[in-house]
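Protein chains: 2
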Amino acid sequence: MNRQIVLNERPVGFPTADTWHLLEVPEKKLREGEVNVKNIYASIDPTMRGWVSERKSYLPPVEIGAVMRALTVGEVVSTKHPGFQVGDYVHGPGGIQDFSISNGEIWRKIESTSIPLEKYLSILGMTGLTAYFGLLDIGKPKEGETILVSGAGGAVGSIVGQIGKIMGCRMVGIAGGAEKCKRLISHYGYDAAIDYKSENVWSALKKTCPEGIDIYFDNVGGEVLDMALAKLKLKGRIVLCGAISQYNADKNQGPANYMSLVINRGRMEGFLVMDYAKEYRKAATEIAGWMREGKLISDEHIEIGIENFFPAFQKLFTGNKRGKLILQINPPTS
Amino acid sequence: MNRQIVLNERPVGFPTADTWHLLEVPEKKLREGEVNVKNIYASIDPTMRGWVSERKSYLPPVEIGAVMRALTVGEVVSTKHPGFQVGDYVHGPGGIQDFSISNGEIWRKIESTSIPLEKYLSILGMTGLTAYFGLLDIGKPKEGETILVSGAGGAVGSIVGQIGKIMGCRMVGIAGGAEKCKRLISHYGYDAAIDYKSENVWSALKKTCPEGIDIYFDNVGGEVLDMALAKLKLKGRIVLCGAISQYNADKNQGPANYMSLVINRGRMEGFLVMDYAKEYRKAATEIAGWMREGKLISDEHIEIGIENFFPAFQKLFTGNKRGKLILQINPPTS
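Line by line, the protein sequences give chains U and Y.
Numbering of the first sequence is given in the working numbering, commencing with residue 26 and proceeding in unit increments.
Numbering of the second sequence is given in the working numbering, commencing with residue 26 and proceeding in unit increments.
Chain U on its own, in the form it takes in the complex:
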């Protein structure tokens, strides 16, 4: 049997336990040219909220009744495809299900097995590449600049902080809770941390960024985006990397201070890591190099069991996690 998490209905506001349901379907027969991958880990990401909305986005919506879209790493368990062998490890959009049968086009092979598999869904996957291209290509940091990051303890934010330090910038992170904030500094090398749960963010911003902000790497949207606009320096840049505070809102809140972009000749730009596909390999090589040199670390928070997909998804928004959220669908063999 193949267990699958299937979209049940389009959520209004925050998804509920009824948004998805668990289905068991008989395993399909493998046809000529196909490969069957057992999914081991699945990446759980805020963008999944957008995928189940009807509105226009960068990918078509997940259909009602379809398997929930997700990036996974998995292992080939049977194959009628000349390019794959049983035991090969792969990563790609396998979906939240035990087994993905496909013509193989969705998969990329994992060459090295010295790196833990889950890292291919975090620092060596979309998360790491999002931090890399968002900060370097959209933000274009210069040595000595001050960079503010929201969601700084999160999967992307923790990597942005470290890459910013590698570039010689002063890094200020916003996160929720004293422990997370401590960790920003001790673990990810941030120069200063703002605890949005116990501090007045605006006062803290004025204190930690007295001369303003050169780059704001926005993982949350909402009020913090407005504050960052208000503190933007001349020629400041705002990197829009999703906006967690907005995903579940029926009516988005626009940044009232956007006119700061005129006054300060600022730039606010969105990006999607998918657009950089041609540069993935080069970027991953650089990231792996920084990892080897000990300049870049990543943490993964692994939840166990396909039946726990929804509680895992909820943790994206409650902040009750440490590192990149990953769902273990099946235990790794070996």
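Be aware that one or more of the hints could be misleading.
Stated by the list, open to error - From the derived model, a few chain U residues whose C-beta atoms are all more than 12 Å from chain Y:
hint : residue
1    : D43
2    : G112
3    : H326
What the hints assert, rightly or not - As a list, the in silico EDC-like pairs of lysine to aspartate or glutamate whose alpha-carbon atoms are at most 20 Å apart:
hint : chain 1 : residue 1 : chain 2 : residue 2
4    : U       : K165      : Y       : E130
5    : Y       : K63       : Y       : E328
6    : Y       : K258      : Y       : D324
7    : U       : K165      : Y       : D162
8    : Y       : K260      : U       : E100
9    : U       : K260      : Y       : E294
10   : U       : K258      : U       : E294
11   : Y       : K232      : Y       : D251
12   : Y       : K258      : Y       : E236
13   : Y       : K53       : Y       : E130
14   : Y       : K63       : Y       : E136
15   : Y       : K260      : U       : D300
16   : Y       : K258      : U       : E79
17   : U       : K258      : Y       : E168
18   : Y       : K165      : U       : E294
19   : Y       : K260      : U       : D162
20   : U       : K190      : U       : E318
21   : U       : K260      : Y       : E168
22   : Y       : K53       : Y       : E100
23   : U       : K307      : U       : E136
24   : Y       : K260      : U       : E325
25   : U       : K260      : Y       : D300
26   : Y       : K165      : U       : D162
27   : U       : K167      : U       : E311
28   : Y       : K340      : Y       : E328
29   : Y       : K258      : U       : D300
30   : Y       : K258      : Y       : E294
31   : U       : K53       : U       : E100
32   : U       : K258      : U       : D162
33   : U       : K258      : Y       : E79
34   : U       : K190      : U       : E224
35   : Y       : K340      : Y       : E204
36   : Y       : K231      : Y       : D251
37   : U       : K105      : U       : E130
38   : U       : K260      : Y       : E304
39   : U       : K258      : Y       : D300
40   : Y       : K190      : Y       : D162
Don't read these hints as lab results, they were simulated from the structure.
Ideal placement from N, C-alpha and C gives every residue a C-beta, glycine not left out.
Start from chain U and add chain Y according to the hints.
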């Protein structure tokens, strides 16, 4: 005597007749190294609203009791400065007053007298340069792209439309009233016009830009910005050139659809023409060339008399004008 328009109080919301008052002061004596310019024309611009606000902007606020800041063209009437001769024509920030005495640093000389003086405050002044650098350097239009312009019949918008056509783009303009819209097409070469006073702008946008918008040149902000975001094409650009609908609002309305910048990998960027000072001469030469070739025209709306400063300023926002608003402070000699 020197008549001056002086800032009386900081307006809350839209300025009133009490925001400024007319003062007559004795003419100052000219000291060694100074030059006295009689102001002929003054440029009346939406950005003046920002200059009288207390809040941080790209220039310090005009102080209460100070002469209202304005770009002017004028004529040297007396001089103790070796660089100026009586009869020289100059342009610079002379302010709303009959006579400006200064050390000369604020002035640039007007070399050619074959071009009407008022053009140095419109197409050959900040207005033309704003259209030029905003569209070309921030918008970066490519041949065949669709460009939407709000305030399309205004001083900047009418020039943006013509430069866009020179670049081979499809130009769609938004303006208020059937006559203005007709003029967009017949006079400024727009391909299509939307009358925001009589049409549903959203429906008209869908009709005139069925495949979306590559560049939105935003002169007004507010709802139209949100609609443009909703119709933005992949890699679309939004040029923020002030936002007339927002200048007088106590609380700005932020663009709720800004997440379109993520979905479409879009860019929203502000600019100030002042930042391009080094390139003014080159740009003005190109603009003058297009004027000579008959590809680029400009219209000026001249109001007469320093005492009419406030009614002239009001016309910026009521739309009751045709072309660049200019106040004649003193009649040109000749």
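Going down the list of hints, with the structure as the test:
1. D43: holds, 26 Å
2. G112: holds, 38 Å
3. H326: holds, 24 Å
4. K165/U - E130/Y: violated, 36 Å
5. K63/Y - E328/Y: Measuring from Cα to Cα gives roughly 17 Å; hence the hint holds.
6. K258/Y - D324/Y: violated, 32 Å
7. K165/U - D162/Y: holds, 18 Å
8. K260/Y - E100/U: violated, 37 Å
9. K260/U - E294/Y: holds, 10 Å
10. K258/U - E294/U: Given that 20 Å is the threshold and the Cα spacing comes to 16 Å, the pair holds.
11. K232/Y - D251/Y: Status holds; Cα separation ~17 Å.
12. K258/Y - E236/Y: holds, 8 Å
13. K53/Y - E130/Y: Status holds; Cα separation ~18 Å.
14. K63/Y - E136/Y: Holds - the C-alpha atoms of E136/Y and K63/Y are around 17 Å apart, at most 20 Å.
15. K260/Y - D300/U: Measuring from Cα to Cα gives roughly 11 Å; hence the hint holds.
16. K258/Y - E79/U: Holds, because 19 Å separates the two Cα atoms, which is no more than 20 Å.
17. K258/U - E168/Y: violated, 33 Å
18. K165/Y - E294/U: holds, 15 Å
19. K260/Y - D162/U: holds, 14 Å
20. K190/U - E318/U: Status holds; Cα separation ~14 Å.
21. K260/U - E168/Y: violated, 28 Å
22. K53/Y - E100/Y: Since the Cα atoms of K53/Y and E100/Y sit roughly 17 Å apart, the hinted pair holds (cutoff 20 Å).
23. K307/U - E136/U: Holds - the C-alpha atoms of E136/U and K307/U are around 15 Å apart, at most 20 Å.
24. K260/Y - E325/U: Violated, at roughly 33 Å.
25. K260/U - D300/Y: holds, 10 Å
26. K165/Y - D162/U: holds, 18 Å
27. K167/U - E311/U: holds, 18 Å
28. K340/Y - E328/Y: holds, 10 Å
29. K258/Y - D300/U: Given that 20 Å is the threshold and the Cα spacing comes to 15 Å, the pair holds.
30. K258/Y - E294/Y: holds, 16 Å
31. K53/U - E100/U: holds, 17 Å
32. K258/U - D162/U: Between K258/U and D162/U the Cα gap is close to 19 Å, so the pair holds against 20 Å.
33. K258/U - E79/Y: Holds, at roughly 18 Å.
34. K190/U - E224/U: violated, 24 Å
35. K340/Y - E204/Y: Holds - the C-alpha atoms of E204/Y and K340/Y are around 17 Å apart, at most 20 Å.
36. K231/Y - D251/Y: Holds - the C-alpha atoms of D251/Y and K231/Y are around 14 Å apart, at most 20 Å.
37. K105/U - E130/U: holds, 14 Å
38. K260/U - E304/Y: holds, 18 Å
39. K258/U - D300/Y: Since the Cα atoms of K258/U and D300/Y sit roughly 15 Å apart, the hinted pair holds (cutoff 20 Å).
40. K190/Y - D162/Y: holds, 16 Å
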